[in-house]
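Engineer: Here is what each chain is made of, one letter per residue.
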Amino acid sequence: MFEYLGFLFIFFGVMAFVVSAIGLIRMPDVYTRMHVGTKSTTIGTILVIIGACFIEPSWSFKLLLLAAFILLTNPLSSSVIARATHSDGLTLDRDELKEQK
Amino acid sequence: MINLLIIITLLALFITLYRFLKGPTLSDRIVSFDVLSIISISLFIILALYFQRAIYIDIALVIGLIGFIGSTIFGRYIEKGI
Numbered sequence: 060m061f062e063y064l065g066f067l068f069i070f071f072g073v074m075a076f077v078v079s080a081i082g083l084i085r086m087p088d089v090y091t092r093m094h095v096g097t098k099s100t101t102i103g104t105i106l107v108i109i110g111a112c113f114i115e116p117s118w119s120f121k122l123l124l125l126a127a128f129i130l131l132t133n134p135l136s137s138s139v140i141a142r143a144t145h146s147d148g149l150t151l152d153r154d155e156l157k158e159q160k
Numbered sequence: 324m325i326n327l328l329i330i331i332t333l334l335a336l337f338i339t340l341y342r343f344l345k346g347p348t349l350s351d352r353i354v355s356f357d358v359l360s361i362i363s364i365s366l367f368i369i370l371a372l373y374f375q376r377a378i379y380i381d382i383a384l385v386i387g388l389i390g391f392i393g394s395t396i397f398g399r400y401i402e403k404g405i
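From first to last, the protein sequence lines are chains L and U. Residue numbers for the first sequence, in our numbering: 60 to 160. Residue numbers for the second sequence, in our numbering: 324 to 405.
Any given hint could be a false lead.
No farther apart than 20 Å at their CA atoms in a straight line, the calculated lysine to aspartate or glutamate pairs in the EDC-like style are these [claimed, not checked]:
1) U/Lys345 / L/Asp152
2) L/Lys121 / L/Glu158
3) L/Lys121 / U/Glu402
4) U/Lys403 / L/Asp152
5) U/Lys345 / L/Asp88
6) L/Lys98 / L/Asp88
Selected chain U positions facing chain L (Cβ under 8 Å, derived; list incomplete) [said to hold, decoys possible]:
7) Asn326
8) Leu328
9) Leu333
10) Ala335
11) Ser350
12) Val358
13) Ile361
14) Ile362
15) Ile368
16) Leu370
17) Ser394
What the hints contain is simulated information worked out from the structure, not anything from laboratory work. Quick reminder that beta carbons are idealized off the backbone N, C-alpha and C, glycines included.
Turn these sequences into a full structure, and let the hints guide you.
Structural biologist: Below you can see the structure in the form of structure tokens.
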């Protein structure tokens, strides 16, 4: 029973990865690619870890440690990359706020 | 059932690898590298369930550490130079 629930969680997490990869292909500039590439992979990894905890409960300490590590470091690295990209001078592909002025 | 999950994860990995090889700017490649490291963490968790060996979770922890340090250092390299 719990094994099938775990496989269901892992399946949803893996589908989040596929959506993230397709968005990485289709989005027009760096900032939108960063939006797709960091948010949905975070939720995908957390779902995969929850599913693995359901399937093998004896590994759950290491898996939850990994989940806490990812929740701490993933927004930090994306923030560093966004700041560096902005200081490099790259702009949005289509800036609607500038077009309205 | 778990074979199908490994195949879908590899599909996502190869689609991301296309952006990593093609990406027009350096920032695109760094974002793709971040996504690649996180997808490989999950791939190693699924492989640990496939082979029933808990040692693969340690490999996933080390990949997470090195991926985070790598993307942070490349971000600093774009911003100021080394």
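Engineer: Does the interface hint hold: is U/Leu328 within less than 8 Å of chain L, judged Cβ to Cβ?
Structural biologist: holds (6 Å)
Engineer: Holds or violated: the hint that U/Ser350 contacts chain L, with Cβ atoms closer than 8 Å.
Structural biologist: holds (4 Å)
Engineer: Can U/Val358 be said to touch chain L, with a Cβ gap under 8 Å?
Structural biologist: Hint holds; U/Val358 Cβ to chain L Cβ min 4 Å, cut 8 Å.
Engineer: Can the restraint linking L/Lys98 and L/Asp88 be considered satisfied, given a maximum Cα separation of 20 Å?
Structural biologist: holds (16 Å)
Engineer: Within 20 Å, alpha carbon to alpha carbon, are L/Lys121 and U/Glu402?
Structural biologist: With a Cα-Cα distance of about 35 Å, the restraint between L/Lys121 and U/Glu402 is violated, given a limit of 20 Å.
Engineer: For the pair supplied as a hint, U/Lys345 and L/Asp152, confirm whether the alpha-carbon distance does not exceed 20 Å.
Structural biologist: Measuring from Cα to Cα gives roughly 18 Å; hence the hint holds.
Engineer: At a threshold of 8 Å, is the proposed contact between U/Leu370 and chain L supported by beta-carbon distances?
Structural biologist: Hint violated; U/Leu370 Cβ to chain L Cβ min 11 Å, cut 8 Å.
Engineer: Does L/Asp88 sit within 20 Å of U/Lys345, going by the straight-line distance between their CA atoms?
Structural biologist: holds (13 Å)
Engineer: Going by Cβ atoms only, is U/Ile361 closer than 8 Å to chain L?
Structural biologist: holds (5 Å)
Engineer: Please work out if L/Lys121 and L/Glu158 have their alpha carbons no farther apart than 20 Å.
Structural biologist: violated (50 Å)
Engineer: So, as I understand it, the hint says U/Asn326 touches chain L; can you test that by seeing if any CB pair is closer than 8 Å?
Structural biologist: This interface hint is violated because 12 Å lies over the 8 Å limit.
Engineer: Please verify that hint: U/Leu333, Cβ, nearest Cβ of chain L, below 8 Å or not.
Structural biologist: violated (10 Å)
Taken one by one, the earlier hints fail for this structure at numbers 2, 3, 4, 7, 9 and 16, listed in ascending order.
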